[in-house]
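Q: Take a look at the letters that make up each chain.
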Amino acid sequence: MKLLAALVSATFLTIASLPAMAQAPNTLRVGLQEDPDVLDPHKARTFVGRIVFMGLCDRLLDITPDLKLVPRLATEWSFSPDGLTLTMKLRSDAKFHDGEPFNAEAAKANLERARTLPDSLRKSELASVDSVEAVDATTLVLKLKRPDATLLAQLTDRAGMMLAPKSLSGDVGAKPICSGPYKFVERVQNDRIVLEKFKEHWEAANYQFDRVLYRSIPDTTVRLANLRAGELDMLERLAPTDVPGARGDKSLKIASTSNLGYQGITINTSNGEAASQPMGKDKRVRQALSLAIDRKVLSQVVFEGLYEPMIQPFNPGNPYLSADFPVPARDVAKAKALLKAAGAEKVSAELFVTNNPVDAQLGQVIQAMAQEAGIDIQIKSSEFASQLRDQQQGKFQMSRIGWSGRIDPDGNIHQFVTTKGNQNDGRYSNPEVDKLLDQARTAYDVAERKKLYDAAQAILQDELPIVYLYNQTVFFALRSSIDGFVINPDGMIRLAGLKKK
Amino acid sequence: MLTLIGRRVLIAIPTLFLVSLFVFALQRALPGDPFLVIAGEERDPEVIARLREIYRMDDPIVVQFFAWLGQVVQGDFGRSLRTGEPVLGLILQKLPVTIQLATASILVAVAIGVPAGIIAARNKGTALDYSASALALSGLSIPNFWLGIMLILLVSVELKLLPASGYEPIFTNPIGAIERLIMPAFVLGGGLAAFLMRHTRAAMLEVLQSDYVRTARAKGLDEDAVVNRHALRNALIPIITLSTLLFGELLAGAVLTEQVFTIPGFGKLIIDAVFNRDYGVVQGVVLCTAIGFILMNLLADLLYILVNPRLRDGQ
Numbered sequence: 001m002k003l004l005a006a007l008v009s010a011t012f013l014t015i016a017s018l019p020a021m022a023q024a025p026n027t028l029r030v031g032l033q034e035d036p037d038v039l040d041p042h043k044a045r046t047f048v049g050r051i052v053f054m055g056l057c058d059r060l061l062d063i064t065p066d067l068k069l070v071p072r073l074a075t076e077w078s079f080s081p082d083g084l085t086l087t088m089k090l091r092s093d094a095k096f097h098d099g100e101p102f103n104a105e106a107a108k109a110n111l112e113r114a115r116t117l118p119d120s121l122r123k124s125e126l127a128s129v130d131s132v133e134a135v136d137a138t139t140l141v142l143k144l145k146r147p148d149a150t151l152l153a154q155l156t157d158r159a160g161m162m163l164a165p166k167s168l169s170g171d172v173g174a175k176p177i178c179s180g181p182y183k184f185v186e187r188v189q190n191d192r193i194v195l196e197k198f199k200e201h202w203e204a205a206n207y208q209f210d211r212v213l214y215r216s217i218p219d220t221t222v223r224l225a226n227l228r229a230g231e232l233d234m235l236e237r238l239a240p241t242d243v244p245g246a247r248g249d250k251s252l253k254i255a256s257t258s259n260l261g262y263q264g265i266t267i268n269t270s271n272g273e274a275a276s277q278p279m280g281k282d283k284r285v286r287q288a289l290s291l292a293i294d295r296k297v298l299s300q301v302v303f304e305g306l307y308e309p310m311i312q313p314f315n316p317g318n319p320y321l322s323a324d325f326p327v328p329a330r331d332v333a334k335a336k337a338l339l340k341a342a343g344a345e346k347v348s349a350e351l352f353v354t355n356n357p358v359d360a361q362l363g364q365v366i367q368a369m370a371q372e373a374g375i376d377i378q379i380k381s382s383e384f385a386s387q388l389r390d391q392q393q394g395k396f397q398m399s400r401i402g403w404s405g406r407i408d409p410d411g412n413i414h415q416f417v418t419t420k421g422n423q424n425d426g427r428y429s430n431p432e433v434d435k436l437l438d439q440a441r442t443a444y445d446v447a448e449r450k451k452l453y454d455a456a457q458a459i460l461q462d463e464l465p466i467v468y469l470y471n472q473t474v475f476f477a478l479r480s481s482i483d484g485f486v487i488n489p490d491g492m493i494r495l496a497g498l499k500k501k
Numbered sequence: 001m002l003t004l005i006g007r008r009v010l011i012a013i014p015t016l017f018l019v020s021l022f023v024f025a026l027q028r029a030l031p032g033d034p035f036l037v038i039a040g041e042e043r044d045p046e047v048i049a050r051l052r053e054i055y056r057m058d059d060p061i062v063v064q065f066f067a068w069l070g071q072v073v074q075g076d077f078g079r080s081l082r083t084g085e086p087v088l089g090l091i092l093q094k095l096p097v098t099i100q101l102a103t104a105s106i107l108v109a110v111a112i113g114v115p116a117g118i119i120a121a122r123n124k125g126t127a128l129d130y131s132a133s134a135l136a137l138s139g140l141s142i143p144n145f146w147l148g149i150m151l152i153l154l155v156s157v158e159l160k161l162l163p164a165s166g167y168e169p170i171f172t173n174p175i176g177a178i179e180r181l182i183m184p185a186f187v188l189g190g191g192l193a194a195f196l197m198r199h200t201r202a203a204m205l206e207v208l209q210s211d212y213v214r215t216a217r218a219k220g221l222d223e224d225a226v227v228n229r230h231a232l233r234n235a236l237i238p239i240i241t242l243s244t245l246l247f248g249e250l251l252a253g254a255v256l257t258e259q260v261f262t263i264p265g266f267g268k269l270i271i272d273a274v275f276n277r278d279y280g281v282v283q284g285v286v287l288c289t290a291i292g293f294i295l296m297n298l299l300a301d302l303l304y305i306l307v308n309p310r311l312r313d314g315q
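These protein sequence lines map, in sequence, to chains A and B. In terms of the numbering used here, the first sequence is numbered consecutively and its last residue is 501. In terms of the numbering used here, the second sequence is numbered consecutively and its last residue is 315.
In case anyone wonders, no lab produced these hints; they're calculated from the structure. Quick reminder that beta carbons are idealized off the backbone N, C-alpha and C, glycines included. Keep in mind that the hints are not guaranteed to be accurate.
To be verified - Calculated cross-link-like contacts (lysine-lysine; reagent style DSS-like; alpha-carbon spacing at most 30 Å): (1) B/Lys160 <-> A/Lys253; (2) B/Lys160 <-> A/Lys500; (3) A/Lys501 <-> B/Lys160; (4) B/Lys160 <-> A/Lys250.
Stated by the list, open to error - Label pairs and their in silico Cβ distance ranges: (5) A/Thr85 <-> B/Pro96: 52 to 60 Å; (6) A/Lys89 <-> B/Pro45: 33 to 41 Å; (7) B/Ala134 <-> A/Asp331: 54 to 62 Å; (8) A/Val185 <-> B/Glu206: 52 to 60 Å.
Starting from the given sequences, assemble the full structure and let the hints guide the process.
A: The following block contains the structure:
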C-alpha cells in the first residue's frame with residue numbers, strides 16, 4: 001500500500017512539473033511548409049532548408065530587402081580591375097559552434113569543399129572560381145577563370161555558408177556545425193528542427209530568442225490553424241486564400257513582399273516532336289496566347305487579387321526590371337488577328353499543370369481565356385516529379401511552372417533561355433540572346449548589365465519561349481506579439497531583431 | 001503453439017520476398033525521375049549523373065533488387081535519397097509514434113464500438129438500435145481529413161481546449177502526449193468504432209439466438225447473466241481477431257490523420273517518400289508494414305486460440 005502511495009505521489013509530482021518543463025522559455029516557433037532536406041549547405045537543395053540555414057550558418061555576405069549586398073562574415077570586398085580577382089576581408093571575431101575560430105583558412109576549406117565534393121550542388125554556383133587562397137587570417141582571395149558578376153550573390157546563400165573545418169569530414173547533414181547565431185540541437189524528420197542560441201556569436205546581442213523550433217506543417221489550413229491556436233509564433237508561405245481570413249484575426253499580423261522568382265508557362269519550341277505544332281513553331285501563336293490572358297483577372301480569380309501580374313522574370317522593385325515591357329492589357333481581337341496571320345483561326349495545344357487545386361484552377365482560367373481567342377487548350381495534370389521529367393524529356397507542349405528566384409538577375413533568366421541552359425526544357429535557342437546573357441554575366445556595372453538584360457528581353461518578349469504570368473507575393477503570418485520581423489524578397493526568415501512583446 | 005508460430009515464420013519469408021519484389025518493380029514503373037527532384041532547382045546534369053551512380057540507378061532493375069535484398073538481410077535498409085539518413089533509423093524513429101497513435105485509436109474504437117454493438121443487439125429493432133446504426137454509418141462515412149480539420153478549427157482554434165497538432169512521446173511528457181492524442185485518436189478510432197459496433201452487433205445477435213443461450217434462458221437465468229456470462233464471451237472471439245487486424249486498417253487511416261495533425265509517424269513518412277520518389281524509404285516502410293501485418297495475423301490466431309479453448313486441442 002505504501003509502495004502504491006509512493007508511486008501515485010511520484011507520478012503526480014512528475015505530471016505536475018511537466019507543463020513547466022514542456023514550455024521552454026523564450027522559444028520562437030516557426031511553421032514551415034515542407035520538411036527541409038539534408039542540412040548540409042553544400043548538398044542542400046530546398047527553399048525551406050535555406051530558411052533553417054539562416055539561423056544555423058553564417059554566410060560571407062547578406063542582402064537587404066532592396067537587394068543590396070551587405071557584410072556578414074566578410075566585412076569588405078573588391079574586384080581587381082581585370083575582374084579576375086576577388087579579395088575579401090573577413091571578420092576576426094567569429095567562431096564556429098565547436099569553439100574553433102573562423103578565419104580565411106576555414107573559409108578556403110569550405111569553398112574548396114563546395115567546389116569539389118562529388119555530390120556538391122554548389123559547383124555550378126562557384127564554377128567561375130579557379131582557386132582560393134588564404135593570404136592571412138582575415139584575407140581571402142578568389143582567383144576567377146572569367147569575370148563573374150553573379151559570384152557575390154552566390155556568397156550570400158549556401159555557397160557562402162561556413163561549416164566548422166573539423167566537421168567537414170564527418171556526416172555534416174546529421175549534425176551541422178556552423179558559425180551562425182543558433183546551433184543545432186536536434187531534428188526529427190517530417191516534424192521538427194530545434195536550434196539553440198550560440199552565446200559566443202559575434203552578434204549574439206541581436207538575437208532575443210533562446211531557442212528556435214521549426215515545425216514542418218505542409219497543409220496551409222492546418223498551418224494557419226496552429227498559428228491561430230497559439231501553437232506557432234509565425235509561419236511562412238501563407239496561402240493567398242487564407243490571407244483575408246488571417247487579416248480579420250486581431251491576434252495575427254501579416255507581412256508580405258514580392259518573391260524573387262517568376263511564374264509562367266514554358267513553351268516547347270524545339271525539344272523533340274512535341275515542339276512541332278503551331279504553339280512551338282510560330283511565335284505569333286505564342287503572342288496570341290499571351291494577349292489572350294488577362295493577368296489581372298487570373299490573379300483575382302485564383303489568388304484573391306494578391307499576386308502582381310508580370311511579364312518579366314524579375315520581381316517588382318528589382319533594379320533589373322525594365323520599364324519598356326509593361327503588362328499588356330488583354331486584347332482578344334489582336335490575338336485572333338495574330339492567329340489568322342499565322343495561318344489558322346483555331347489552334348490547339350496541351351498544357352501541363354501540377355496536380356494541386358491551385359494549379360488546376362489556374363489552368364482552367366487560362367484555358368477559358370485562350371478559348372475566346374481561338375486557342376483550344378487541353379489540360380494535362382500530373383504530380384510534380386512526373387511533370388518535371390516529361391518536361392525535361394521534351395514530352396510537353398506547354399508547362400505551367402515557376403521558379404523560386406535568385407538575388408542576381410542571371411539566376412532568373414540565363415539557364416532558362418540560353419541554348420545550353422540546364423533548365424531550358426523547351427530548347428529555345430537564339431545566338432543573340434545567348435551572347436547578351438553571357439555578356440551580362442561578366443559585367444560588374446549595374447547600368448551596363450541592365451542594358452544587356454533589356455536587349456535580351458526585347459528579343460524574348462517578341463519570341464516568348466516563356467509566357468510570364470504573375471509574381472508570387474510571399475505572405476508571412478505572425479502572432480501580433482512578435483516584433484522586429486524584417487521581410488525580404490528572398491522569402492527567408494532572418495532571426496536578428498525578432499522578439500516577443 | 002510453437003509449431004504454429006514456426007510454420008507461420010516459414011510462410012512469412014516467401015511472402016515478404018514477393019511483397020518486396022512487387023513494390024520494387026511497381027515503384028520503378030512510376031513515372032517521374034527522383035533525381036530531377038532531388039538534384040534541386042538548378043538540375044545540374046553532372047550532379048544528376050553522380051547521384052544516379054551513388055544510388056546504382058543505372059544498373060538493371062534485377063541487379064538493383066538483389067543488391068538491396070543483400071543489404072536488407074544484413075540489417076542495412078539503405079539511405080533516404082532526400083535527406084541521406086539511414087532508412088532503418090527513420091523507421092525506428094517513426095514506428096513508436098504510429099504505434100502510440102494506433103494504440104490510442106484502438107482503445108477509442110473498442111471503448112465505443114463494443115459496448116455500442118452490445119447495446120444495439122440487446123435492443124434489436126428499437127429506436128436505440130436504429131440510432132446506434134445510424135451513428136455507425138455516419139462514423140464510417142465521414143472522411144478522416146475533413147473531420148480532423150473541423151475538430152482542429154473547433155477545439156483548438158475556437159475553444160482553445162487542446163493543441164492543434166504535433167506529437168509528444170508518452171513516456172517523456174504524458175500530459176502533452178495525451179492532449180495531442182485525443183483528437184487524432186478520436187478521428188482515427190471513430191471510423192473503426194463504427195466498424196466494430198456493426199460487427200459486435202451481428203456477432204451478439206447470432207450468439208443470442210444460439211441453442212446454449214436459449215438453454216441458459218430456459219434455466220431461468222436473468223438476461224444480464226445470459227448476456228455477460230454466456231453470450232459475450234463467444235461473441236467476442238471474432239471481435240478480438242478483428243481488432244488485431246484493424247491495426248492494418250489503422251496504418252492506412254493513419255496516413256491521412258497524421259497528415260492533418262502533423263504527427264511525424266509512418267503515414268507521413270510514406271506520403272513524403274512516395275511524393276519525392278524516395279525509393280529506399282518507400283521500400284523499407286512497405287517491408288516493415290508487411291512484417292507488421294504478418295505479426296498481427298499471427299497474434300490474432302494466437303488470441304483466437306487463447307479465447308476459444310475448443311481450438312487448443314486441435315493444435
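Q: Decide, hint by hint, whether the structure agrees.
A: Okay, the hints, checked on the actual structure:
1. B/Lys160 <-> A/Lys253: holds (19 Å)
2. B/Lys160 <-> A/Lys500: holds (21 Å)
3. A/Lys501 <-> B/Lys160: holds (21 Å)
4. B/Lys160 <-> A/Lys250: Satisfied, since the Cα-Cα distance of roughly 16 Å is no more than 30 Å.
5. A/Thr85 <-> B/Pro96: 52 to 60 Å: With a Cβ separation near 56 Å, threonine 85 of chain A and proline 96 of chain B satisfy 52 to 60 Å, so the hint holds.
6. A/Lys89 <-> B/Pro45: 33 to 41 Å: Distance hint for lysine 89 of chain A, proline 45 of chain B holds at roughly 36 Å.
7. B/Ala134 <-> A/Asp331: 54 to 62 Å: Check passed, 58 Å falls within 54 to 62 Å.
8. A/Val185 <-> B/Glu206: 52 to 60 Å: Cβ of valine 185 of chain A to Cβ of glutamate 206 of chain B: about 57 Å, so the range 52 to 60 Å holds.
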